[in-house]
Amino acid sequence: MPTKDRKLTVARAMAEAISQEMRLDERVFVMGEDVGPLGGVFGNTRGLFEEFGAERVRDTPISETAFMGAAVGAAADGMRPIVELMFVDFFGVCFDAIYNLMAKNTYFSGGNVNVPAVIMTSTGGGYSDGGQHSQCLYGTFAHLPGMKVVVPSNAFDAKGMMTAAIRDDSPVIYMFHKGLQGMGWLGTEAGATVNVPEEEYTVNIGKAATVSEGEDVTIVSLGMGVHHSLRAAALLYEQGVSADVIDLRTLVPLDRDHIFNSVKKTGRLVVVDEDYQSYGVSGEIIASVVERDISILRAPPQRVAYPDIPIPFAHHMEQWALPNAEKIVRACLRATSN
Amino acid sequence: MNPTPEQKQWMYRHMLVSRLFEETIEKIYLEGKTPVFNMANGPIPGEMHLSNGQEPCAVGVCAHLNKEDVVTATHRPHHQAIAKGVDLKRMAAEIFGKETGLSGGRGGHMHLFDADVNFSCSGIVGQGLGPAVGAALSRKMQNKAGVAVSFFGEGAANQGAFHESLNLAAVWKLPVIFVIEDNAWGISVAKETATAVDRNAVRAAAYDMPGVYVPGNDPDAIFVAAGEAISRARAGEGPSLLDIETYRLAGHFMGDAEAYRPEGEKEDLLRKDPILVYEKALLASGDLSESDNSDLKEHAKREVDEAIQFARESQFASPASALDHVFA
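For the record, the sequence lines run as chains A and B.
Those letters in the first sequence? Residues 1 to 338, by the working numbering.
Those letters in the second sequence? Residues 1 to 328, by the working numbering.
The set of hints was computed from the structure by calculation and includes no laboratory data.
Where hints are given, some of them may not hold.
What the hints assert, rightly or not - Listed next, with one range per pair, are the computed distances between beta-carbon atoms:
(1) Asp-257(A) to Leu-323(B): 18 to 28 Å
(2) Glu-99(B) to Tyr-279(A): 53 to 63 Å
(3) Gln-315(B) to Pro-197(A): 46 to 56 Å
(4) Ile-187(B) to Tyr-279(A): 28 to 38 Å
(5) Ala-196(B) to Asp-169(A): 34 to 44 Å
(6) Glu-265(B) to Met-317(A): 52 to 62 Å
(7) Ala-205(B) to Ile-62(A): 20 to 30 Å
(8) Phe-316(B) to Pro-197(A): 31 to 41 Å
Treat the numbers as computed from the prediction; the structure is a model and nothing was measured.
All residues carry an ideal CB built from backbone N, CA and C; glycine is no exception.
Start from the sequences, fold in the hints, and give me the full structure.
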């Protein structure tokens, strides 16, 4: 079968990248809750236990503080751990090991000790899982120095960025949106399941991508928001507005040039983010344009982000609060109305 | 196994260096901080946590360790670093924040990293346990020699990290030795008001590992207990917990008025200064001659003086080099 016809879910793309790197490099191993025989709650370690066994695909106790700390120690000692934090919402029970050790040891050691670990963690809601299993927290991780942060929106990027993350000598936080995973029971955005080459490849960390080209407005988004933005771009096109849609793919390091160059062309900026609005990704994207040259803007920047509220359980309340294509269309029309 | 005379002298020598180093640091720390104490002033700014009194824990354990063994230490790390063989000159320079320091001044005294001897420490209570478990896991998975030792205080035994890490190390049967330096005080809070058990050694039972209490702040007794735990780890028999009674002869940090101590405690502890006690014992047993003793003291002084001189004479890195080494 030709490669171009091989569609994979994000979950399978992640597992494939990990298995290929595990074959190439004995130092690579996986640990976390339910990553073994179960194959990961979100399917991203499926098949690994069968191929590599319990030594390299380690189910852990529910002890995030210990196993995140262990990842730091193992990585500093020459291993390349991939650690799953099942829901990003759980970071509160182990953040010390992540942001004070994993993220800072390279710096504190003056570059003498590296921590080549990957943390893969699920983000996002939309399926009524309540406010401790639905957050994105992109800005929280991206805010703290010393960690690279990637957020793939489709299976091609998911595989290439996982490979790049495993090979990176710095810690990488790999944030995958549950709604893109391709797990039957979660409901999946169809656009995330795309053709994926069988061979290994990398998608460079730190490079954004333009996923739809236009002239009138720039929509910047990440993860699930990219798919909402693409739908919005199609709706806008019918109304005579063409949108440049940028998939950030990486939050740290942020591809500020890519964003700036698009806004320079369109003069208008709309940022779509499923993370909380204030003090986060959307503000940083806007700042990265206006602090460089505010004169390129022909309208005030717009945000479609999660309101500053805990995520509600009830379906109608949660859906009301989430970004969607209609909200993005309205924001773009506000931006292009003058 | 009891230490040989050579091992006793090794322990005594490293305690002398550690003590002399800290006494020197203590004096320099106060430069620029009198008459008004301002932590930001002087050649060594910031917090300073001295380990004097706790030296036996470091030497009794590290006497069994090689370069490849991993140590994770605490915010009070000097005695452990010296016993593990961290380069004293570069360590001193780091404490001064100089370019020649272990990390070029980015870490400071709570963040000493010497990859050559697999030593690191960190600033928050209970942080080193997980990394020690991970280092031990790495050795086991790579089938490489070496054990991991995590030093921490009795206060850390009330952290979740302690319980999670002991459990994980036991479940995976890893070559880790968890070493509690019980100095009886968590800053100003006495252990008996913060800890539900008299001795933390009993907590080892919850994780199905040996837990040994070592009273007396005595290098030889610590050496014996550590030797058994480390042999066990090297033999692939899994982790152990050592619970060592020790004393903090100084405050939590320099500037601590220590008003929380009961009257007479400090004087009592100073009378029990473990280095003086050990010196007397070694001289009495003949494991140390008077002339060896003065040689060791002279050697320690020279080593410390050279390290301090190196630190003082070293340059500061350019301020903008603060931007380097954020990523690998």
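Each hint, compared with the structure:
no. : hint                                 : result
1   : Asp-257(A) to Leu-323(B): 18 to 28 Å : holds, 19 Å
2   : Glu-99(B) to Tyr-279(A): 53 to 63 Å  : violated, 35 Å
3   : Gln-315(B) to Pro-197(A): 46 to 56 Å : holds, 51 Å
4   : Ile-187(B) to Tyr-279(A): 28 to 38 Å : holds, 32 Å
5   : Ala-196(B) to Asp-169(A): 34 to 44 Å : holds, 43 Å
6   : Glu-265(B) to Met-317(A): 52 to 62 Å : holds, 59 Å
7   : Ala-205(B) to Ile-62(A): 20 to 30 Å  : holds, 21 Å
8   : Phe-316(B) to Pro-197(A): 31 to 41 Å : violated, 50 Å
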